[in-house]
Structure formats: C-alpha cells, structure tokens
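Residue-level listing of the chains:
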Amino acid sequence: GENVEQHPSTLSVQEGDSAVIKCTYSDSASNYFPWYKQELGKRPQLIIDIRSNVGEKKDQRIAVTLNKTAKHFSLHITETQPEDSAVYFCAASVDFNKFYFGSGTKLNVKP
Amino acid sequence: EPEVTQTPSHQVTQMGQEVILRCVPISNHLYFYWYRQILGQKVEFLVSFYNNEISEKSEIFDDQFSVERPDGSNFTLKIRSTKLEDSAMYFCASKERNYGYTFGSGTRLTVV
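In the order they appear, the protein sequences are chains Y and W.
2 is the number of the first residue of the first sequence in our numbering; add one for each residue after it.
-13 is the number of the first residue of the second sequence in our numbering; add one for each residue after it.
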C-alpha cells in the first residue's frame, strides 16, 4: 500500500518568515494530495489540495508543489503569522479514495 | 458552510464495554469514512462506506468494529468490546465523488 513520509516533524519559524513542509509518497498511482491543518483538539481542516495533473497551486499565502517523477510534494507558507501555528498533515490518495496521511509537522510561528 | 457533526464529543467507557460513535455526514455526500488518531500520532484510516456497504477497511478494523447507516442520515461506528488501545480521537468524514474530505469535529474515546 501507499506510504507517506513527512518532514520535518517540528518546525519553528519567526513571524514573517516562510515555512516549507515536505512529503514523499510511494504509490505512483496516487493522484490527489490534500494538506490539512489541525489546531490542538480540533478537526483536521483542508487548507489546500493538488491533483496530479497540476504542478503547483497557490491560494494567497499558501502554495503546494508536486513533483510526480520524484513522488514528492511540498507545502509552502509565506509571511507566516502566529495563527499559522498548528500541526499540518499531508495525505495522498488514489482517485479520492482512502487517504494515507503523513505523520504531521508541528509548526510554531514565534511572534 | 455544511458540516459533518459527531456525537458525543467525549466518551469515557470501561474496558470491555460497547460504544457507539455517531456521525451525521453532509446531506448530499455519498462516501463516508471513519478515521482514528491516537494522541500525538498520524490520522489512520479505519473504514470507507459507499452505497450502504463497506467498500474498504484497514487491518485495524477487525471483528470488534462495525459500521452502519441506519436511517439514511446517521453513520455510526460501533466497537463491541473496547480495549485500552482503542483510546483515540475518532473522526468521521464524508465527501462527494471527486473532492476531498470534510472531517467531523471528532469523538475522543477514553477506555479505562
């Protein structure tokens, strides 16, 4: 089955800096890659996603890039703010079926 | 914005007892899922449900687990005889055909 690896496990940045979280996947059939933000004790919330026919997608301060050849995708957050502090999970799926999640990255944005 | 709702938000149960976790998916969604998240760990797939039957289940989803959509709106997860290691946050999710999930707010299950 699919195996999703996520790095780093923790990331500390200064407010205003950029943050990058990277994921790799093993199943070349995976074609949908969402990113979820989970604040403490709350549900994971979809923040951005990308399908395999696209190499990059942006939504304001958040962007995701996908390299299908290398089987990795990354989340980029620019101009980080303290409210960006949370745990971020990447996931991969084939045809929007079950999601395989990465192990999460705890992002701490220091004011 | 439509939401997936889960009840209860927190359930404490004694080892060996049965628990039923309830979910109300978004009304026009067709695919339903249960995931769990042990404290500090990744979110893990348990089961997917479509067209009134299980479409896929993980090795975690053994004979102690079952799912049901009893009345066309609720989607339940039953654990027949809870174990300490079942303690986790359980998330229900639903989706339309080619979209990502909407997760519920979760039920924190504590087995004592």
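Everything labelled a hint here was simulated from the structure, so no lab data went into it.
Treat the numbers as computed from the prediction; the structure is a model and nothing was measured.
Any given hint could be a false lead.
[Stated by the list, open to error] Calculated pairs, BS3-like style, for lysine-lysine (alpha carbon to alpha carbon, straight line, at most 30 Å):
1) K72(Y) to K28(W)
2) K58(Y) to K64(W)
3) K23(Y) to K64(W)
4) K28(W) to K59(Y)
5) K43(W) to K107(Y)
6) K69(W) to K43(Y)
7) K43(Y) to K64(W)
[Claimed, not checked] Sample of chain Y residues lacking proximity to chain W, with all beta carbon distances greater than 12 Å (derived):
8) Q7
9) P9
10) Q15
11) S27
12) Q39
13) G42
14) I49
15) H77
16) E84
17) S94
18) N98
19) S104
20) G105
21) K111
Note that CB positions come from ideal geometry on N, CA and C, so glycine has one too.
For each hint, the structure was consulted:
As the CA atoms of K72(Y) and K28(W) are separated by approximately 20 Å, the hinted pair is consistent with the 30 Å bound. Taking the CA atoms of K58(Y) and K64(W), the gap is near 39 Å; set against the 30 Å cutoff, the hint is violated. Only pairs whose Cα atoms come within 30 Å are accepted, and K23(Y) paired with K64(W) is rejected, the gap being roughly 36 Å. Pair hint K28(W) plus K59(Y) holds up; C-alpha atoms about 25 Å apart against a cutoff of 30 Å.
The suggested pairing of K43(W) with K107(Y) holds, with an alpha-carbon distance near 28 Å, which does not exceed 30 Å. For the given pair, K69(W) sits about 24 Å from K43(Y) by alpha-carbon distance, which is consistent with the 30 Å threshold. Distance hint between K43(Y) and K64(W) is fulfilled; the C-alpha atoms sit about 22 Å from each other, no more than 30 Å. Against chain W, the non-interface label of Q7(Y) is violated: not every CB pair exceeds 12 Å, the least being about 8 Å.
Every beta carbon of chain W lies more than 12 Å from that of P9(Y), the smallest distance being close to 15 Å; the non-interface claim holds. Every C-beta of chain W lies more than 12 Å from that of Q15(Y), the closest at about 25 Å, which supports listing it as non-interface. No Cβ of chain W comes within 12 Å of the Cβ of S27(Y); the nearest lies about 15 Å off, and the non-interface call holds. Not every Cβ of chain W is farther than 12 Å from the Cβ of Q39(Y); the closest lies at roughly 8 Å, contradicting the non-interface assignment.
The beta carbon of G42(Y) is not kept farther than 12 Å from every beta carbon of chain W, the shortest such distance being approximately 8 Å. Its closest Cβ contact with chain W, about 10 Å, brings I49(Y) to no more than 12 Å, contrary to its assignment away from the interface. Every CB of chain W lies more than 12 Å from the CB of H77(Y), the least distance being 19 Å, so the non-interface label holds. No Cβ of chain W approaches the Cβ of E84(Y) within 12 Å, the least distance being about 19 Å, so the stated non-interface status holds.
The claim that S94(Y) is not at the interface with chain W is violated, since a C-beta of that chain comes within 12 Å of its own (minimum 9 Å). Non-interface call for N98(Y) relative to chain W: violated, since the shortest CB-CB distance, roughly 7 Å, does not exceed 12 Å. With a closest Cβ-Cβ approach of about 5 Å to chain W, S104(Y) is found to fall inside the 12 Å limit, against its non-interface label. G105(Y), annotated as away from the interface, has a beta carbon of chain W within 12 Å; the closest lies near 6 Å.
The beta carbon of K111(Y) sits about 22 Å from the closest Cβ of chain W, which is more than 12 Å, so the claim that it is off the interface holds.
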